[in-house]
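Protein chains in written order, with our numbering: chain F, 165 to 428; chain U, 165 to 428.
Simulated from the structure, these hints should not be mistaken for laboratory data. Don't take each hint at face value.
[Unchecked claim] Listed below are the simulated DSBU-like cross-link pairs for lysine-lysine, each with C-alpha atoms no more than 30 Å apart in a straight line: (1) F:426 to F:230; (2) F:328 to U:426; (3) F:188 to F:251; (4) F:413 to U:302.
[To be verified] Taking beta-carbon pairs under 10 Å as the criterion, some of the chain F residues facing chain U (in silico): (5) 331; (6) 405; (7) 410; (8) 414; (9) 421.
[Stated by the list, open to error] Far from chain U, by Cβ distances over 12 Å, these chain F residues were calculated: (10) 247; (11) 268; (12) 306.
Ideal placement from N, C-alpha and C gives every residue a C-beta, glycine not left out.
There are 2 protein chains.
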Amino acid sequence: MIIIGELINSTRDIIKEKIEERDKEYIQDIAKQQVDAGATYVDVNSGAFVWDEIDHLIWLVETVQKVLDKPLSLDSPNEKAIKEAAKVHNGIPMINSITAEEERYKKILPLIKEYDAKVVALCLSDDGMPETADQRLKIADKLINDLSRDGVPLDNVFIDPIIKPISVDGEFGIQVLDTIAGITDWNTDVHITCGLSNVSFGLPNRSLLNQAFLMMAMDRGMDSAIIDPLDDYMMKLIKAAEVLLNRDKYGQNYLKASRAGKLD
Amino acid sequence: MIIIGELINSTRDIIKEKIEERDKEYIQDIAKQQVDAGATYVDVNSGAFVWDEIDHLIWLVETVQKVLDKPLSLDSPNEKAIKEAAKVHNGIPMINSITAEEERYKKILPLIKEYDAKVVALCLSDDGMPETADQRLKIADKLINDLSRDGVPLDNVFIDPIIKPISVDGEFGIQVLDTIAGITDWNTDVHITCGLSNVSFGLPNRSLLNQAFLMMAMDRGMDSAIIDPLDDYMMKLIKAAEVLLNRDKYGQNYLKASRAGKLD
Numbered sequence: 165m166i167i168i169g170e171l172i173n174s175t176r177d178i179i180k181e182k183i184e185e186r187d188k189e190y191i192q193d194i195a196k197q198q199v200d201a202g203a204t205y206v207d208v209n210s211g212a213f214v215w216d217e218i219d220h221l222i223w224l225v226e227t228v229q230k231v232l233d234k235p236l237s238l239d240s241p242n243e244k245a246i247k248e249a250a251k252v253h254n255g256i257p258m259i260n261s262i263t264a265e266e267e268r269y270k271k272i273l274p275l276i277k278e279y280d281a282k283v284v285a286l287c288l289s290d291d292g293m294p295e296t297a298d299q300r301l302k303i304a305d306k307l308i309n310d311l312s313r314d315g316v317p318l319d320n321v322f323i324d325p326i327i328k329p330i331s332v333d334g335e336f337g338i339q340v341l342d343t344i345a346g347i348t349d350w351n352t353d354v355h356i357t358c359g360l361s362n363v364s365f366g367l368p369n370r371s372l373l374n375q376a377f378l379m380m381a382m383d384r385g386m387d388s389a390i391i392d393p394l395d396d397y398m399m400k401l402i403k404a405a406e407v408l409l410n411r412d413k414y415g416q417n418y419l420k421a422s423r424a425g426k427l428d
Numbered sequence: 165m166i167i168i169g170e171l172i173n174s175t176r177d178i179i180k181e182k183i184e185e186r187d188k189e190y191i192q193d194i195a196k197q198q199v200d201a202g203a204t205y206v207d208v209n210s211g212a213f214v215w216d217e218i219d220h221l222i223w224l225v226e227t228v229q230k231v232l233d234k235p236l237s238l239d240s241p242n243e244k245a246i247k248e249a250a251k252v253h254n255g256i257p258m259i260n261s262i263t264a265e266e267e268r269y270k271k272i273l274p275l276i277k278e279y280d281a282k283v284v285a286l287c288l289s290d291d292g293m294p295e296t297a298d299q300r301l302k303i304a305d306k307l308i309n310d311l312s313r314d315g316v317p318l319d320n321v322f323i324d325p326i327i328k329p330i331s332v333d334g335e336f337g338i339q340v341l342d343t344i345a346g347i348t349d350w351n352t353d354v355h356i357t358c359g360l361s362n363v364s365f366g367l368p369n370r371s372l373l374n375q376a377f378l379m380m381a382m383d384r385g386m387d388s389a390i391i392d393p394l395d396d397y398m399m400k401l402i403k404a405a406e407v408l409l410n411r412d413k414y415g416q417n418y419l420k421a422s423r424a425g426k427l428d
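Could you build all of it, start to finish, from the sequences and the hints given here?
Written out as structure tokens, the structure reads:
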């Protein structure tokens, strides 16, 4: 499972505050904690700052990579912010995100190519936010075809079906699960990820909903997730799911974690 | 979700001991706890007693129903034990189980008909224990056709695909998930259940594996499970899963449980 740690996001009040205060230690600590807990990528987002997002994003990249030899997920709706952040990023970044919107696609594609970057590809088109699995699959199909045609190795692509809160419509979870199953059936090299916690927005005891949904999504073929890796129980369930889905052969990782007391 | 509480099973040492000691209070307490935790049916099994299984099963039924106005799942490989237990059972029992084995089928069918009973139908035939999803689906198809032909309402039937331990073969979980999806696709009135905890047999931290597998199985269409309802976290995850799968409309049960502090 490829975990993208979601915590360094300026839409969270505490993170916004710490970015403004230039609190290096706090940010570095959250980054390290996420990697220690199993994150492969650390997402950095300063999109809540309208005027100085770019400065803040550059600061986040430099601050985190000063203590971590890990690739970051450069997360912004603003391609200029991604561009500047990529310049100071060490190693191959993940770009979060491209979409099938014509303008966005054109602006982000050159950055992916320049850095041979990993990229989160959102199922979003100029027709707006998709509702059904079929609508999502149509956009995913276009993204896969276009990115492939434009020379992006599909193994670099992380399709994100876009989860909307089930508190808004009880069918939203099922539509995403069916999308994941559909993409998995195509049997391409793309990865499938998602900003999982959105599913539980507006409901109490969100962690339960996130955990349950992640198990279902993994079963349908999702092999990555943008989550809070400090949700300890979720990380344990992921290890269990990998055994159940025969992705952790002979349960080697599971047994190792168990012996180390990490599943208790 | 239709929960069949599995704890009163003589293969568990403590239960065997308490049955032998005729410890009514202990057995009644375990039964009540399971119902309080959400069990619809309470399974009773005295199969570990070779010579006096029938006496013990009758005692279990009478003992449990003395304090609980709930249907029991009469669980035995021995049709005579089920027959005698059904005689003393109040209300409509669940019979655990019929199979597609010719002899077993013939012996159990009259009991189902006599009591208009619910029945767990194991995917087991005279060809032996199935390995693949296809083999299981073939047996499930036969069971559904035969039971339907023989006048058993399909809404009374709980197909159990038979889970084998993934510690034996890493593909065993996936085969059962695919079986559940296949049966669900037929869109009949049958329910799907399973003796869930078998999946984790031989591995440590079994509860994690059971919980993760249950989420996946529910997503594939399973609407019942033979489990330990005293696994509090599993019961919480079930409530979350029912919201995610839109079986709990508007999250009414989930929100009610949350308000009562039962999801914390």
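Now for the hints, and whether the structure bears them out:
no., hint, verdict
1, F:426 to F:230, "holds (28 Å)"
2, F:328 to U:426, "holds (25 Å)"
3, F:188 to F:251, "holds (20 Å)"
4, F:413 to U:302, "holds (28 Å)"
5, 331, "holds (7 Å)"
6, 405, "holds (5 Å)"
7, 410, "holds (4 Å)"
8, 414, "holds (7 Å)"
9, 421, "holds (9 Å)"
10, 247, "holds (38 Å)"
11, 268, "holds (30 Å)"
12, 306, "holds (27 Å)"
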